[in-house]
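Asker: Now for the letters of each chain:
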Amino acid sequence: MYTSINACASSGSVASCGASVYATSLSPEERLLALTVYQQAAQINDSRASIELSSEQLQKLREQVKESLDKARESKKDAGFWGDLSEFLGSDLGTVLIAAAAIAAAVVTGGAAVAVLAVIACAASLAASHAKELGIPESVAVGIAVVATVASLCCGNAGGLVGLAKALQVAGAACKVGGAACGAASAKYEHDAANQSADARAAQGEQTLTNADMDDAFANLSTAVDRKNQSAAQASAIQRQTAASNQAILDNWGASA
Amino acid sequence: MTLCSIAPSEHSFAAFGSGEDQCVFTSDSERLAILVLDRQEQQKDQQRQELTSARADYRDALDGEVQALRDAADATFRGALVQSAIAAAAGAASVVSACSGGETAQWSGATSKALGGLAEPIGKLAGFSYASADAKAQQGLQETAKWHLEDARDSLKDSNAAQDKTLDWLGSMNERDAATTTAILSNKV
Chain A
0 MYTSINACAS SGSVASCGAS VYATSLSPEE RLLALTVYQQ AAQINDSRAS
50 IELSSEQLQK LREQVKESLD KARESKKDAG FWGDLSEFLG SDLGTVLIAA
100 AAIAAAVVTG GAAVAVLAVI ACAASLAASH AKELGIPESV AVGIAVVATV
150 ASLCCGNAGG LVGLAKALQV AGAACKVGGA ACGAASAKYE HDAANQSADA
200 RAAQGEQTLT NADMDDAFAN LSTAVDRKNQ SAAQASAIQR QTAASNQAIL
250 DNWGASA
Chain B
0 MTLCSIAPSE HSFAAFGSGE DQCVFTSDSE RLAILVLDRQ EQQKDQQRQE
50 LTSARADYRD ALDGEVQALR DAADATFRGA LVQSAIAAAA GAASVVSACS
100 GGETAQWSGA TSKALGGLAE PIGKLAGFSY ASADAKAQQG LQETAKWHLE
150 DARDSLKDSN AAQDKTLDWL GSMNERDAAT TTAILSNKV
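If you read the sequences in order, they're chains A and B. Residue 219 in numbering that gives the first Met the number 0 is what sits at position 220 of the first sequence, and the numbering runs on without skipping anything. Residue 141 in numbering that gives the first Met the number 0 is what sits at position 142 of the second sequence, and the numbering runs on without skipping anything.
Among these hints, one or two may not hold up.
Stated by the list, open to error - Restricting the straight-line Cα-Cα distance to at most 30 Å, the calculated cross-link-like pairs of lysine-lysine (DSS-like) are:
#, chain 1, residue 1, chain 2, residue 2
1, B, Lys135, A, Lys187
2, A, Lys59, B, Lys135
3, A, Lys187, B, Lys164
4, A, Lys76, B, Lys164
5, B, Lys123, A, Lys70
6, B, Lys135, B, Lys123
7, A, Lys75, A, Lys59
8, A, Lys75, B, Lys135
9, B, Lys123, B, Lys145
10, A, Lys70, B, Lys135
11, B, Lys145, A, Lys59
12, A, Lys165, B, Lys164
13, A, Lys165, A, Lys76
14, B, Lys112, A, Lys65
15, A, Lys65, B, Lys135
16, A, Lys76, B, Lys43
17, A, Lys187, A, Lys59
18, B, Lys145, B, Lys156
19, A, Lys75, B, Lys123
20, B, Lys156, B, Lys43
21, A, Lys76, A, Lys65
22, B, Lys123, A, Lys187
23, A, Lys165, A, Lys75
24, A, Lys65, A, Lys75
What the hints assert, rightly or not - Derived contacts from chain A toward chain B, CB cut-off under 10 Å, selection only:
#, residue
25, Asn44
26, Cys181
27, Gly204
28, Asp212
29, Ala216
30, Ala236
31, Asn251
Stated by the list, open to error - Reference listing, derived: stretches of chain A covered by chain B, where coverage requires no fewer than 3 residues with Cβ under 8 Å from a Cβ of chain B:
#, stretch
32, 166-174
33, 186-193
34, 225-234
35, 242-249
Derived from the structure by calculation, the hints contain no laboratory data. Even for Gly, the Cβ is constructed at its ideal location relative to N, Cα and C.
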């Protein structure tokens, strides 16, 4: 009995196992235990299949997360490049060109006091904002800018600067437009990166669920194995007890005779 | 003794604990054990349903969070596009101002300045959304669903442990009965 139940459980052929339980002449308790073993064997098979499936799914999800994160990183890199370009064109270069255009215009107009002050203020502001990047004290940067601006105002050639001022202004405006376009490109890549991160998050969430499924399958497997062993041991005990009872009856008969 | 009436697919403690199949278990304590097993099995069914429900809640919250993240990305993109468009328009107005003279230069210059100043705030306004907050809220729901999952799983474990104990008890009762029978039979006449 014990051997047949164990063979039944380990064979994996649940259908034939169930049929054999009905076919043999076992006691009700033994049949109950055999059915328990049969059911637990089926559950073990199911749990194993579930674990294998979850494992494959986990592998796929891991690859998906990695792929999404890689893509997001690439998009971030591109976004950073276009963002820097946008910053350079729209802010730095554009401001410098417009400031230079203003200098030229101020010289052309004869250096009217207000215009001169405006140019100096613009240069000082620009220098202050870039002092940190240049690694020099802000006051030094402002001083250099003021001196350079005053010198350029004093030494400028008024006649030739008319066209230059316009050209610089147009170039500055074009840089601003270019900066805006680069900003849009940067935003596009940022958008892609955010979407890729969302994909990665979705895959991570799926991983959590698959892990939970796997945990459940392991728990089911463990319970099924325990129950199967318990039932098999119980069946074995019943067999022993039956044998002992039969022996006692026989002994009694022997004594009576 | 009609155990044979139980089909393998219906093999459960509940099936043994009711109707004709109770005939397998004759003593009161065995019937009590079966009732306990039956009760635990019912609880396990309920806990499995809770597990399924918590799993569905988690999935909903996850989908909600991912959607909210996408919405937030869309909103940010929209804002950046609007800002860039306005900044480009400001640049174009500046070009017009530089290339033309008189009144046109004046109004296009003013327009350029105005647009340049408005680009950022209008972009922020266009890109404003509560999607990030929604994503956080959905994360909270996910955590709640996870707790429910854990609770249901713990309850299932408890029920399994209770069933194991009951089965042990049933086994020990069987052994005791068998020992008694053997002792009676061993008494020689």
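Asker: Each hint needs a verdict: does it hold in this structure or not?
Answerer: Do the hints match the structure? See the list:
1. B:Lys135 / A:Lys187: holds, 24 Å
2. A:Lys59 / B:Lys135: Satisfied, since the Cα-Cα distance of roughly 27 Å is no more than 30 Å.
3. A:Lys187 / B:Lys164: With a Cα-Cα distance of about 62 Å, the restraint between Lys187 of chain A and Lys164 of chain B is violated, given a limit of 30 Å.
4. A:Lys76 / B:Lys164: Distance of about 60 Å is beyond 30 Å: violated.
5. B:Lys123 / A:Lys70: holds, 27 Å
6. B:Lys135 / B:Lys123: holds, 21 Å
7. A:Lys75 / A:Lys59: This hinted pair holds, its Cα atoms lying about 24 Å apart.
8. A:Lys75 / B:Lys135: holds, 22 Å
9. B:Lys123 / B:Lys145: violated, 36 Å
10. A:Lys70 / B:Lys135: holds, 24 Å
11. B:Lys145 / A:Lys59: The hint holds at about 23 Å.
12. A:Lys165 / B:Lys164: violated, 94 Å
13. A:Lys165 / A:Lys76: violated, 36 Å
14. B:Lys112 / A:Lys65: Status violated; Cα separation ~46 Å.
15. A:Lys65 / B:Lys135: holds, 23 Å
16. A:Lys76 / B:Lys43: Violated, at about 51 Å.
17. A:Lys187 / A:Lys59: holds, 28 Å
18. B:Lys145 / B:Lys156: Since the Cα atoms of Lys145 of chain B and Lys156 of chain B sit roughly 16 Å apart, the hinted pair holds (cutoff 30 Å).
19. A:Lys75 / B:Lys123: holds, 21 Å
20. B:Lys156 / B:Lys43: Holds, because 9 Å separates the two Cα atoms, which is no more than 30 Å.
21. A:Lys76 / A:Lys65: Judged against 30 Å, a Cα distance of about 16 Å means the pair holds.
22. B:Lys123 / A:Lys187: Holds, because 16 Å separates the two Cα atoms, which is no more than 30 Å.
23. A:Lys165 / A:Lys75: Outside the cut-off at roughly 37 Å; violated.
24. A:Lys65 / A:Lys75: holds, 15 Å
25. Asn44: violated, 14 Å
26. Cys181: holds, 9 Å
27. Gly204: holds, 4 Å
28. Asp212: Hint on Asp212 of chain A: holds, closest Cβ of chain B at ~8 Å, below 10 Å.
29. Ala216: Violated - the Cβ of Ala216 of chain A stays beyond 10 Å from chain B, reaching only about 12 Å at its closest.
30. Ala236: Hint on Ala236 of chain A: holds, closest Cβ of chain B at ~6 Å, below 10 Å.
31. Asn251: holds, 6 Å
32. 166-174: This one holds; 6 residues, not fewer than the three required, reach chain B with a Cβ under 8 Å.
33. 186-193: It holds, with 5 qualifying residues against the three required.
34. 225-234: Answer holds; 4 residues pass the 8 Å Cβ test.
35. 242-249: n = 4 at 8 Å, threshold three: holds.
Going down the numbered hints, you'll see the structure goes against 3, 4, 9, 12, 13, 14, 16, 23, 25, 29, while the others check out.
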